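Enquirer: Sequence:
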Amino acid sequence: MMAQSDLDLKEASLKEDLKFYFMNPCEKYRARRQVPWKLALQILKILMVTTQLVFFGLSNQLVVSFKEENTVAFKHLFLKGYSGVDEDDYSCSIYTQQDAYDSIFYVINQYRQLKNVSLGTLGYEHEGSGLKICKQQYKKGTMLPSNDSLDIDVSTETECIFLKPELLAGKKAELKLNSSFFNLEFYRLIEVEISFKLKGIALQTIHARELPDCYAFQNTITFNNRAHSGKIKIYFDSDTDIQECKDWHIVSSVLQKNTQYILVFDGFVILSCFASLILCTRSIILAMKLQKRFVNFFLEKYKRHVCHADRLEFINGWYVLVIISDVMTIIGSILKMEIKAKNLTSYDVCSILLGTSTLFVWVGVIRYLGYFQTYNVLILTMQASLPKVLRFCCCAGMIYLGYTFCGWIVLGPYHEKFEDLNTVAECLFSLVNGDDMFATFAQIQQKSMLVWMFSRLYLYSFISLFIYMILSLFIALITDSYDTIKKYQQNGFPVTDLHEFLQDHGSAGYRKEQTSMPLVCCCGRQQSDENLILIN
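Quick note on numbering: the sequence shown equals residues 1216 to 1751 in the working numbering.
Keep in mind that the hints were calculated from the coordinates and are not lab data. Computed from a prediction, not measured in an experiment: that's the story for all the values here. Even for Gly, the Cβ is constructed at its ideal location relative to N, Cα and C. Every clue listed holds true.
Under the rule of at most 27 Å between Cα atoms (straight-line distance), these lysine-lysine pairs were calculated in the DSS-like manner: (1) K1446 - K1347; (2) K1234 - K1507; (3) K1282 - K1448; (4) K1234 - K1253; (5) K1516 - K1230; (6) K1230 - K1253.
Across the chosen pairs, the derived CB separations fall in these ranges: (7) K1461 - S1333: 18 to 26 Å; (8) I1539 - L1501: 14 to 22 Å; (9) T1265 - V1369: 56 to 64 Å; (10) L1273 - D1650: 30 to 38 Å.
Given these sequences and hints, build the entire structure.
Expert: As structure tokens, then:
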């Protein structure tokens, strides 16, 4: 009898703890007057993280615009005859030998008189700076197209020349430019690559009350003659690196104070995320201890193990999401503070961390809407449909890959949207969503009637299969899960061991007379035990 009495007391205590664990913040406040610190902290964190992201986004926008505008300026400065619009994935093209020589020497002349022609704050790199010109070509041979004869060594050789700014400004520049290096044999020429490094300072950040950044532009101009088709494609690539300004002095107290205020704000964001991280980690640890108590008690009293689904009820996925978001926000905020202080320049890494963490923070808001049955449908539908959707996508993906490879190998030579695998996959995905259909049909070249007829069969079968069948089945899977959840909400959810264990426990011990309640718990509606839904 003593053992039975201890077991009953243990059961009552366990039921009370379980019931309290699965309450929402408002119910916990009514039951034990426990202030919902995590809820208040999450609301505060949403406001602070979003504000921080907006400030960083505005600052990053200045960086992106400065990079893009400098790239466009470089193309106009160094590419002879540049129209302002890239022809394709390359900037422009030339068709005569004279145009090739003119374009190469145009780059050299513009580089030599950069300070006189450029409108930007640009300059040469002091240490080892200069213009590096390399030409890659096949080894010696002969080619007579009129006789259909060819004698060439396909192994390549690369020859380079280095021109410093002070050399180009001197009298020896003409000797260098008239050397045999610039006598190009176009029938064996593969490409000519001109690379140079420039430095610049972004002063537009001062207008946004931020300290300026120093930039290093690694520019590469490639004259591509690999096809030997009579057309040389000119590629321009600019790799931008943000560097710490070594010696700067700005006469303005506003910039210094603005930087300090933002750094202090970032510090508060880190503190709030750290507090949220501690609270959520503590909740997960307590939940795992409660799960262990329940599993051991169930095994002791009923002599059987708790099912996997009931074990998962104790693992709150929202807390895991919050912890991941907090870690990313803390790391991103530290990087942002270093960037603001001009000690680091990792804008891309910081953007990914802060952007993803803000996404997770706002997704986490759904958790609090899930406390209400009418708003919980989206979460429950996603949970119910996810396994079926993943299995369905695996099967549909096999068909999609088959169409991708087939379109690439057959239509690639005749359609620009099927030239490489990545473009084919993107084109087919846009067709599934009903985008750009007519242009895809119309742009196929009619040089081969067999390929043209195959393209019609290929496109019609793909569109019919994926839009009318696969996409409809995909939507039907989600709709079926939604209908199932609606029926559960009307007729009751399937009862598991954990539900049965909680249903026979009255909540009278928690029903206290409500005197004063904080504003955050204004949604004080009572729920009966018969309609208990586990909020996890």
